[in-house]
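Visitor: The lines below spell out each chain.
Number of protein chains: 2
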Amino acid sequence: MYQETHTRSVVKAVSWRVAGTLATSVIVYVFTRRLDIALLAGGVEAVVKLAIYYVHERIWDRIHIGRRPITPAVLWFTGLSGAGKTTLSIALVDELRRRNLRVEHLDGDTIRHIFPKTGFSREEREEHIKRVAYLASRLEKNGVFVVVSLISPYEASRDFARGICENFFEIYLSTPLGECERRDPKGLYRKARSGEVKDFTGITAPYEPPKKPELTIDTSRLSIEQATRDVMAALRKYL
Amino acid sequence: MYQETHTRSVVKAVSWRVAGTLATSVIVYVFTRRLDIALLAGGVEAVVKLAIYYVHERIWDRIHIGRRPITPAVLWFTGLSGAGKTTLSIALVDELRRRNLRVEHLDGDTIRHIFPKTGFSREEREEHIKRVAYLASRLEKNGVFVVVSLISPYEASRDFARGICENFFEIYLSTPLGECERRDPKGLYRKARSGEVKDFTGITAPYEPPKKPELTIDTSRLSIEQATRDVMAALRKYL
Chain G
1 MYQETHTRSV
11 VKAVSWRVAG
21 TLATSVIVYV
31 FTRRLDIALL
41 AGGVEAVVKL
51 AIYYVHERIW
61 DRIHIGRRPI
71 TPAVLWFTGL
81 SGAGKTTLSI
91 ALVDELRRRN
101 LRVEHLDGDT
111 IRHIFPKTGF
121 SREEREEHIK
131 RVAYLASRLE
141 KNGVFVVVSL
151 ISPYEASRDF
161 ARGICENFFE
171 IYLSTPLGEC
181 ERRDPKGLYR
191 KARSGEVKDF
201 TGITAPYEPP
211 KKPELTIDTS
221 RLSIEQATRD
231 VMAALRKYL
Chain U
240 MYQETHTRSV
250 VKAVSWRVAG
260 TLATSVIVYV
270 FTRRLDIALL
280 AGGVEAVVKL
290 AIYYVHERIW
300 DRIHIGRRPI
310 TPAVLWFTGL
320 SGAGKTTLSI
330 ALVDELRRRN
340 LRVEHLDGDT
350 IRHIFPKTGF
360 SREEREEHIK
370 RVAYLASRLE
380 KNGVFVVVSL
390 ISPYEASRDF
400 ARGICENFFE
410 IYLSTPLGEC
420 ERRDPKGLYR
430 KARSGEVKDF
440 TGITAPYEPP
450 KKPELTIDTS
460 RLSIEQATRD
470 VMAALRKYL
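So the protein sequences, as listed, match chains G and U.
So in the working numbering, spot 43 of the first sequence is number 43, and the numbers just go up one at a time.
Start counting at 1 in the second sequence, then tack on 239, and there's your number in the working numbering.
Rather than coming from a laboratory, the hints here were simulated on the basis of the structure.
Nothing here was measured: the structure is a model prediction, and the numbers come from that model.
Beta carbons are placed, not taken as given, at the ideal position from N, Cα and C, and that holds for glycine.
Partner residues aside, some chain G positions facing chain U, computed with beta carbon under 10 Å:
id : residue
1  : 11
2  : 40
3  : 41
Some chain U residues well away from chain G (every beta-carbon gap over 10 Å; in silico):
id : residue
4  : 274
5  : 336
6  : 348
7  : 413
8  : 415
9  : 416
10 : 418
11 : 429
12 : 433
13 : 437
14 : 442
15 : 447
16 : 463
17 : 467
18 : 473
Model the full assembly from the supplied sequences, consistent with the hints where possible.
Guide: Quick look at the structure:
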C-alpha cells in the first residue's frame, strides 16, 4: 500500500508541464503564426497550470474512481511429502511477485520450525492446518496473495480453510506415493519404513485426497515450468 | 493495494482537460483579444492533450518516485483482564481505519474462540502468544497495521513477539488489580476467587509487567477518549 506524497504530485505537475506547454505553444503558433505570442502564451500557461495541476492531483488522490482493489486468493497446495509442493509453490510465489502483487508463502515445514512443539497426531495436525488457514485468511483479507504448501492430509481441516478464506484455490498434487518415495528428498520415507519416524502420511498415517480440488497436478508427468504455467493459467481470473 | 485502471486515467484526463482548456482559452484571449482564436486554440488543445495526458498518466503509473510505502507497526496491548485492552484497541482500530490505513485487530478472546482447544497453562499460553505474534508479524510485513489485545502475561513470549516484528510498540495497561476486579466485565474474577476458573492471571497465575514498554496507560485515571489520544500521539512517527 502506498501514499501519494506531495512531492510526487509536484514532480508530476512539472513533467506534465513540459509536455503540455510544448503542445500549447505549437497550437497557438499554428493559429497566430506569431512566435512571440506563442511563447508568451506558453510561458504564462506554464506558471498558472503548474498550480492547477498540483491541486488537480491532490483532489484525485482522494477520489477512488477507477482504483481497482486487487482481489487476492489463497492458493493451497496439498499432497504427500515429496509431491513437489514446496518447489512448485516457490516457483508460483516468484511468478506472482513478478506481477507486483503482495505475496506471502506459508510453508508447513518453515512454520513447524518456528513452533517446534507442534506434534504429528491427527488432532495436532488438524489444529496446525487450521491455524495456518486462519493466518492465510487474515492475510488474504488484507490484500495479500497467500501460497500455502502443507501436506494437510485431512479433508475436515482443509474444509475449515476453504470456509474461512474468501477465494480458496486448492491445488492437489496427485504425484503417486511410489514416485514420492523414490524421490524421498528429506530421507523421511526411509525413516518411516524403518519405524524411526512415526505417523508419516502415506505410510503410517492416512492421506485423504481432495474430492473437488480447483486443480490437480501430477508432478511425475510435468516439468516444474509446465506445472507453474498450468497453475498461472488456472489463476487467470484473479490476476 | 490498488491498481490504477485505464478508466481512471481516462476520467482524470477529461477532468484535467476541463480545467486546463478553460485556463488556456482565457490566457490566449488575454494575449490576442480575439475570442475566435481563443476558443479554437482551446478546442484543438483539448483534443490533442487528452491523448498526451492519458499517455502521461500511464507512464507515471510505472514510476514509483514519491510513492511512500506505508510503514506499519504492531501495537501490542498487554495487561490484566478488565484493564481495558479490548475497549482501547477497538477505539484505536477505528482511529487508524479513519486514516485509510489497513488495520487488523487480533483479540485474544476472539482467537481463542476460533481455537477452543488452546489451554491456559503457562506453556499453552506462551505458545498462544507466540502464534499471535507470528500472525501479527506476517501481516505487518505485508503493509498492515496490527492491533493486538492479549493479556500476554509472560515477558519471554512478549520478547519473542518484539523480536519477530519490525516495529513493535508495546502498550502496557497498568490499571491496578483492584480496579480490574471491581470492573470484572466478564465475571471472571468472581469465578477465579471461587475456584471455578483456574490459572487466572493476577489471582492464581502470575502477570509479569513489561520492563520497558513503549507506553504505559492506567485506564483508572483516564477516559477512553483521552487514552486513545495519548496512544495516537505516541504513534505519530508511524502515521
